[in-house]
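Read off the chains here:
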Amino acid sequence: MKWTQVFRRAALMLGLAGAVGLHSTQAVSSELGYPEKEELTFGFIKLTDMAPIAIAYEKGFFEDEGLYVTIEAQANWKVLLDGVIDGRLDGAHMLAGQPIAATMGFGTKADIITPFSMDLNGNGITVSNEIWEQMKPNIPKMKNGLPVHPIKADALKPVVEKYKADGKPFNMGMVFPVSTHNYELRYWLAAGGIHPGYYAPHKGDISGQIDADALLSVTPPPQMPATLEAGTIYGYCVGEPWNQQAVFKNIGVPVVTDYEIWKDNPEKVFGITRAFAKKYPNTTVRITRALIRAAMWLDENNNANRPEAVKILSQSNYVGADYDVIANSMTGTFEYEKGDKRAVPDFNVFFRYHATYPYYSDAIWYLTQMRRWGQIPEDKSDDWYKELAAKVYRPDIYAAAAKSLIDDKLASADQFPDFDSEDGFREPQTHFIDGIVYNGHKPNDYIDKFPIGLKAGQKL
Amino acid sequence: MTSTTLTGSKPAAWKLSQFDGKLFGSAIKTVVVPFAGILVFLMLWSVAAQNIDTSLGKFPGPAAVWEQFDALYQEHSRSREKEAAFYERQRERNAKRVVDDPSYQPKIRDYTGKETFIDQVFTSLVTVMSGFLLAATIAIPLGIATGLSRTLNSAINPVVQVFKPVSPLAWLPLVTMVVSAVYTSTDPLVAKSFLNSMFTVTLCCLWPMVINTAVGVAGIDDDLVNVSKVLRLPPLKHVQKIVLPASVPMIFTGMRLSLGVAWMVLIAAEMLAQNPGLGKFVWDEFQNGSSDSLARIMAAVLVIGFIGFLLDRAMLQLQKLVSWDRDSVTH
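Chains A and B are the protein sequences, given in the same order. Quick note: the first sequence uses UniProt numbering, first residue 1, plus one each step. Quick note: the second sequence uses UniProt numbering, first residue 1, plus one each step.
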């Protein structure tokens, strides 16, 4: 054992000499030491996509790394982010937009990084029963009488126009100004010709309702069904189980999943502060290792472990909703209108398709949407987008964790991107509901393609 | 609703028992009547529950709540087993690491699992008592000082009157921000969340104690004050021998009021600030929205009410114990 260690260390020294030139930011070597900080507290919001954290805890993956982790549910995304910034939390399940916006200084300014993407897809847009009845006549039907999917916002447009003509505001809920849900809801609405409104932070307007047809506001995920039921909002975009909850409670109908808006879109990330990663490099890599193992477990053998995962998530200290509600989406089906259950095998993807690798292009997509809706008020160069993405998304830490898992025979190299050739940009992505192609290398070109949204040179 | 029934029915019976001479009659009134009251309440509850449909199913009746008490206890014992296993694994891991890395100082870390309902009850009790005791150590000396000096009284009174009606929820953000700014230890002795709840409780239960103590001290019989003057007692002796004993009933009335306020405030503060305790339990269950959630919340409501009632009774007994004038102790 001693010999192999000596050999490995020598090999590493050689490799490291080469690597230092390439990645000056690389904080760790893959000869992994003991964690510098062993007792950690992680925050999460009650959503099924927090699963990797719960699984890493329950399956002992954190403990295998010598980490003693306490997992705490947080009231909302703002409380969670503040917790990570002020050190109450060491890390958290975050909206992909949160580390990006924090680093950029939209909202609270702080250096937050992510070494690990938590999942793909997993969200849906739900409207109240009342709105659904009004939308239904506008939706084409299949032979069996069920609506054709994906349902586009074109079907909602006449409804919104009617409300507007009556002078009634058409309110919808999303979970946070920089949340995936905000951008997905906006994307869906805008693709159907409904203007979701602009932000103008340079004028102090962060309500995001300038020129809006549909008025979007923030509601914490677990409160979405209750707010819909109260009639404060007519629809919302949120992660699971809160769309399925609306079906079970008979208060609303999910009309579209984010899988249909953008196939395999990146969703949550695991966020820590840059200072934490710098101060505790071994701990950071070990956290990433545990999370990768949890993600692998969740997708193993074609989702064979999902029922067990659902059982864990339904515990009151994690998501806490009923088993059936969580199982609906986690085990590969999604119930739209009551009784209209369809197979969506990739509704929650935790590991396949390199789901956990923090792609720069994913970060840049969020930045393009921030620019499109005015959260970034001015034009930025393509290089600016890339630099910011590289500041926040840290594939170097991910690669260190993945390589050490491969060394330890806990994973095989074919499960990960080829780290030597991977540049962090996915191939141009085509599966959007409006057919517009996204190429992460050219963010400015991409922004100009949208009929609704700010374009190059435009400033409110 | 339930808590008022619990606290409301008992004192009434208590009072009656003192005036009723006949033993048998008093036994009926102390045992049978309250029991019947509870029974009627349970029946009304279960009938009402069946007729309330929420989006989470029917409103929980007594049977559903009882089931949850059992479930909560089961969870507690399961969690204890997991805790034991956790320490066992940790010991093994430490031992292994010491072999690999002799310089390592093994350390046993606290169990990282979630607090159970029973743990949260204790957390809430500890928090409320700490906040209350802190408030008492400030409020009673302050109250005595203001009661003794008219000048000080007029100086402090406006401040007290303004702060007294402030809701804990208004204090909470300020407390939270100040605590996180001031309390920055890398290895904190107690959690920040504990301090947040504790200080919020303190701020809210300070005022009834200050006012009651001041009123009690200011209202001391002139004869007693004159005795002290004749004996030329030094100021500290005066407070110790005359003021304190004479104003104990009022001080304790203030403390009882405060403890009641403290308990109510704590639940709200825990709920809003997500600090561990019963309030957080209620909030978490509300957020979970599972089919058991309402029954679990109702179980927590009963426990909150019952503990509030016990705290009040405990203060009353304490008051009886230290008061020279037993008759002045009101229920």
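Among these hints, one or two may not hold up.
What the hints assert, rightly or not - With a straight-line Cα cutoff of 25 Å, these simulated DSS-like cross-link-like pairs (lysine-lysine) come out:
| hint | chain 1 | residue 1 | chain 2 | residue 2 |
| --- | --- | --- | --- | --- |
| 1 | A | Lys249 | B | Lys58 |
| 2 | B | Lys114 | A | Lys311 |
| 3 | B | Lys82 | B | Lys96 |
| 4 | A | Lys59 | B | Lys58 |
Hints were generated in silico from the structure; no laboratory data involved.
Hint-by-hint comparison with the structure:
1. Of the supplied pair hints, the one linking lysine 249 of chain A and lysine 58 of chain B holds, its CA atoms being roughly 12 Å apart against a limit of 25 Å.
2. At roughly 16 Å between alpha-carbon atoms, lysine 114 of chain B and lysine 311 of chain A fall within 25 Å of each other, so this suggested pair holds.
3. In summary, the hint linking lysine 82 of chain B to lysine 96 of chain B is supported, as the alpha carbons are separated by about 21 Å, within the 25 Å threshold.
4. Note on lysine 59 of chain A and lysine 58 of chain B: the hinted pairing is violated, with a Cα-Cα distance of about 35 Å set against a maximum of 25 Å.
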